[in-house]
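Q: Chains as they are written, first to last, in our numbering: chain A, 26 to 140; chain B, -4 to 115.
For the record, the hints were derived by calculation from the structure and aren't laboratory data.
A virtual CB, placed ideally from N, CA and C, is assigned to each residue, including glycine.
There may be inaccurate statements among the hints.
[What the hints assert, rightly or not] Pulled a few chain B residues facing chain A out of the computed Cβ check, cut under 10 Å:
#1 G11
#2 T27
#3 K36
#4 M40
#5 L41
#6 R92
#7 F106
#8 P108
#9 G109
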Amino acid sequence: AQKVTQAQTEISVVEKEDVTLDCVYETRDTTYYLFWYKQPPSGELVFLIRRNSFDEQNEISGRYSWNFQKSTSSFNFTITASQVVDSAVYFCALSLTGNTGKLIFGQGTTLQVKP
Amino acid sequence: GAVVSQHPSWVICKSGTSVKIECRSLDFQATTMFWYRQFPKQSLMLMATSNEGSKATYEQGVEKDKFLINHASLTLSTLTVTSAHPEDSSFYICSARNTHRLAGSKETQYFGPGTRLLVL
Chain A
26 AQKVTQAQTE ISVVEKEDVT LDCVYETRDT TYYLFWYKQP PSGELVFLIR RNSFDEQNEI
86 SGRYSWNFQK STSSFNFTIT ASQVVDSAVY FCALSLTGNT GKLIFGQGTT LQVKP
Chain B
-4 GAVVSQHPSW VICKSGTSVK IECRSLDFQA TTMFWYRQFP KQSLMLMATS NEGSKATYEQ
56 GVEKDKFLIN HASLTLSTLT VTSAHPEDSS FYICSARNTH RLAGSKETQY FGPGTRLLVL
């Protein structure tokens, strides 16, 4: 069975702190995709990144970076120098190839960045 | 970028009535659309996969006779909550899979803004 676990339910940091959101996934498939989405209070999902299972290169996009470790089935997300606007719920998700593309979401981590 | 709209953005209805939610891909064709449901402070759970021109595929535990899905064109899927009850109150989000992924984009599916349903 496929599963995504985000063990951190809520995280609270002070602005400018770095914060890492953890994501652990389970699948027996060798080909799959991992995603991170941001959901602000408005509810709309904002796509952040997609990574396929064959690409373990870490990625950096501005203040965001992602660490993909197949050996530990983890796909962690780090925000550097957090800002109040980063406050949102963040979801990690898994998609299997040949499975129409449906997403299996983790439970989500609520990040609160205080000024 | 690709845009997916949902209508209405929120709806309040009486128990026992039916509610129709539309999901449209505005600038691309989507042979596959997905319907998710999100209860307060919970994750998104896939309800069904909507395929243009064929029957939807429902996830285990989702009543297909209660949540009617129609995907009559490459840009429109509708979800009808029949005989809605207070426990159906939730945030319903659709996503559309782009048949031809936009060049340079890593997104494979695009989410609508969601529809908040409150059943009294």
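Q: Hints first: check each against the structure and report whether it holds.
A: Here's how the hints hold up against the structure:
Below 10 Å, beta-carbon pairs count as interface contacts, and B/G11 has none with chain A, the closest being about 26 Å; its hint is therefore violated. The beta carbon of B/T27 is positioned within 10 Å of a beta carbon in chain A (closest approach about 6 Å), and the interface hint is therefore held. Hint status for B/K36 relative to chain A: holds, with the closest Cβ pair at about 8 Å, below 10 Å. With its C-beta approaching chain A no nearer than about 8 Å, B/M40 sits inside the 10 Å limit, and its interface hint holds.
Checking B/L41 against chain A by beta carbon gives a least distance of about 5 Å; that is within 10 Å, so the hint holds. With a least beta-carbon distance of about 5 Å to chain A, the hint placing B/R92 at the interface is held under the 10 Å criterion. Nearest Cβ of chain A to the Cβ of B/F106: about 4 Å, under the 10 Å cut. The hint holds. Checking B/P108 against chain A by beta carbon gives a least distance of about 5 Å; that is within 10 Å, so the hint holds.
This hint holds: B/G109 has a C-beta 5 Å from the nearest C-beta of chain A, less than the 10 Å allowed.
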